[in-house]
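*Asks:* The chain contents come next:
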Amino acid sequence: MKKFLKYTFLVVILVVIWQYFGSTDSTVRLYISSPTLVVDYFMGNYAGLLEATLTTFTEAFLGLIIATLFSFIVMIICFYRPKFLEFILPIMVTSQVIPIIVLAPFFIILFGIGLTSKIAMAAVISFFPIFVNFVHGYKSIPKNIHELMFIYRAPIIFKIKHIYFPLAMPSIMAGLKISATLAVIGAIVAEFTGAKIGIGKNLFVSSIRLDPDLMMTSLILASLIGIVMYGIVKLLEKQYGSWYQ
Amino acid sequence: MFLEASNLNFSFWDNKSKQILKGVSFSIEKGETLVIVGSSGSGKSTILRLISGILPEKNDSFSGEIKINNEKLNKFLDSGKLSFMFQQPALLPNYSVKENIEIPLKIKNEDRGIEKVLETVGLEQYQNYLPKQLSGGMRTRVALARSFVTKPELLLLDEPFSALDVAWKDALYHELKQLVNKFNTTVILVTHDIEEALKLGDKIICLGINGNIILEKNNINEENLFSMLEEKIIENHKLRKEYEKIS
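Residue numbers (the numbering used here), protein chains in the order written: chain A, 1 to 245; chain B, 1 to 247.
Where hints are given, some of them may not hold.
[As the list claims (entries may be wrong)] Computed spacing ranges between beta-carbons, pair by pair: (1) B:Met-1 / A:Pro-142: 54 to 60 Å; (2) B:Glu-216 / A:Pro-142: 21 to 27 Å; (3) A:Val-93 / B:Asn-109: 50 to 56 Å; (4) B:Ser-40 / A:Ile-101: 33 to 39 Å; (5) A:Pro-99 / B:Lys-151: 45 to 51 Å; (6) B:Asp-111 / A:Glu-86: 45 to 51 Å; (7) B:Lys-108 / A:Lys-196: 28 to 34 Å; (8) B:Gly-137 / A:Val-16: 53 to 59 Å.
[As the list claims (entries may be wrong)] Cross-link-like lysine-lysine pairs, in silico, DSSO-like; alpha carbons within 27 Å at most: (9) B:Lys-108 / A:Lys-177; (10) B:Lys-108 / B:Lys-151; (11) A:Lys-159 / B:Lys-58; (12) B:Lys-245 / A:Lys-83.
[What the hints assert, rightly or not] Calculated Cβ distances over 12 Å to all of chain B for the following chain A residues: (13) Pro-35; (14) Gly-44; (15) Leu-50; (16) Leu-148; (17) His-162; (18) Val-189; (19) Leu-219.
Bear in mind the hints are in silico, worked out from the structure with no lab data behind them. Quick caveat, the model's predicted, so the values are computed rather than measured. Glycine is no exception: its CB is placed at the ideal position from the N, C-alpha and C atoms.
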């Protein structure tokens, strides 16, 4: 509670400073608006802004779910065929030299301007941290636990359910936390490239119109999406990772 | 004869010039405890890993034969009558004491009560604790209970008590003996602690630095056995040092 109060106090101080300079200095106002102007802007356009927020959140959230499921499926294949992991891991790592953001226009061409291209972008950008952390978690399982399962002749299904997933959970969660925020970045970047609605589109429009109110409102809403996504992962961790916390 | 190992020779695939085991042969009767002693790197644990089927891995160089109940080793291993206790307890950190002990039963889809084993090792009131909430000695007790929950015919112990203090060791020796007698389990214990070897073993073999047996005694109560073993191990250790210097 004490910690929460400290952080709240820090945020209040920052908002007060922002308000002070935003209302006294026109240059500052031109760059970053001011809290009261942002609130005014939000109250005047809340329906459209909330719709954009919900859209971006949906894209990021679905992208994260797809990335998580896909990495789990790939890992399950690797559990059945360990050589596949040795084969695929260098490819995955090498693929990261491509700045994934440059794929955004490709996805727009492939899937069109709607939600699908943004979900695909969010999924692609958030896949790698989940997968690599899962691999790390799997490889960190003590050797003697693997040997014990071998001696007891544990079937692969048992090992996946009782050993691999649970013991890799701290690493899976670490990957999910990174990917939760990356998914938001992926969705927003894809919206920059072309979208009917979304926080990314609003940010893009604000830069063209030189509209600091819209830009700051969108930045705050994007941050809120990131916080909510991170919060969802934390809730999941509380549910499934209580043993290591 | 319950277990018969004849002429075991072994070296790892990545260092075939270093022979870990050289012509090792021994046998054990049902319900007996064989203790393997020797200095570090003499191949004690390798014997356990060969019996448990963990070794040889692909490309390791292995020759010799291990028979249990006069049948091939693999047949025994597949029957699920083997248990292994490692130096580290190898407990699942996400499972409670009770769940950890039940793991071998879950794998076999057996629904058997574990109360008696829990009672023997004195863990009844800790059964819902997670491993991180237990001391080192308690964790070893959980591993011991887990090893006996399937009523194994053969139990392999790889220095399971080496990290414990004297008081814990003494209590665990007592519990181990109780369980071994109860289930008439055959035990192979690897240790570098001669006192432990003499307390728990029925017969003893001592391995030298070349992976061969340098001392074998079927009567653990023989006079001066402690000093004889100590002497052999120290002598072998010196030999190794000299060998390392030369090479």
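*Asks:* Against each hint, give a clear statement of whether it holds in the structure.
*Replies:* Consistency of the hints with the structure:
1. For B:Met-1 and A:Pro-142, the Cβ-Cβ distance of about 35 Å falls outside the hinted range of 54 to 60 Å, so the restraint is violated.
2. The hint said 21 to 27 Å for the Cβ distance between B:Glu-216 and A:Pro-142, and at roughly 34 Å that hint is violated.
3. A beta carbon spacing of about 40 Å between A:Val-93 and B:Asn-109 contradicts the range 50 to 56 Å that was offered as a hint.
4. Look at B:Ser-40 against A:Ile-101: about 54 Å separates their beta carbons, and that is not inside 33 to 39 Å.
5. Here the CB-CB span from A:Pro-99 to B:Lys-151 is close to 59 Å, at odds with the stated 45 to 51 Å.
6. At roughly 39 Å, the beta carbons of B:Asp-111 and A:Glu-86 sit outside the given window of 45 to 51 Å.
7. Between B:Lys-108 and A:Lys-196 the Cβ separation comes to about 58 Å, which falls outside the hinted range of 28 to 34 Å.
8. For B:Gly-137 paired with A:Val-16, a C-beta distance near 57 Å keeps the hint of 53 to 59 Å intact.
9. Pair hint B:Lys-108 plus A:Lys-177 does not hold up; C-alpha atoms about 37 Å apart against a cutoff of 27 Å.
10. Pair hint B:Lys-108 plus B:Lys-151 holds up; C-alpha atoms about 13 Å apart against a cutoff of 27 Å.
11. Proposed proximity of A:Lys-159 and B:Lys-58 is supported: the alpha carbons are some 22 Å apart, at most 27 Å.
12. For a cut-off of 27 Å, the pair hint linking B:Lys-245 to A:Lys-83 is broken: about 41 Å separates their Cα positions.
13. With a closest Cβ-Cβ approach of about 45 Å to chain B, A:Pro-35 is found to remain outside the 12 Å limit, as its non-interface label requires.
14. For A:Gly-44, the shortest C-beta to C-beta distance to chain B comes to about 51 Å, beyond the 12 Å cut-off, and the non-interface label holds.
15. At roughly 40 Å, the least C-beta separation between A:Leu-50 and chain B is larger than 12 Å, which holds for a residue marked as non-interface.
16. Against the 12 Å criterion, A:Leu-148 falls within the reach of chain B, whose nearest CB is about 5 Å from its own CB.
17. Not every CB of chain B is more than 12 Å from the CB of A:His-162 (nearest about 7 Å), against its label as outside the interface.
18. Every C-beta of chain B lies more than 12 Å from that of A:Val-189, the closest at about 37 Å, which supports listing it as non-interface.
19. For A:Leu-219, the condition that its CB be more than 12 Å from all CB atoms of chain B holds, with the nearest at approximately 40 Å.
When each numbered hint is compared with the structure, violations occur for hints 1, 2, 3, 4, 5, 6, 7, 9, 12, 16 and 17.
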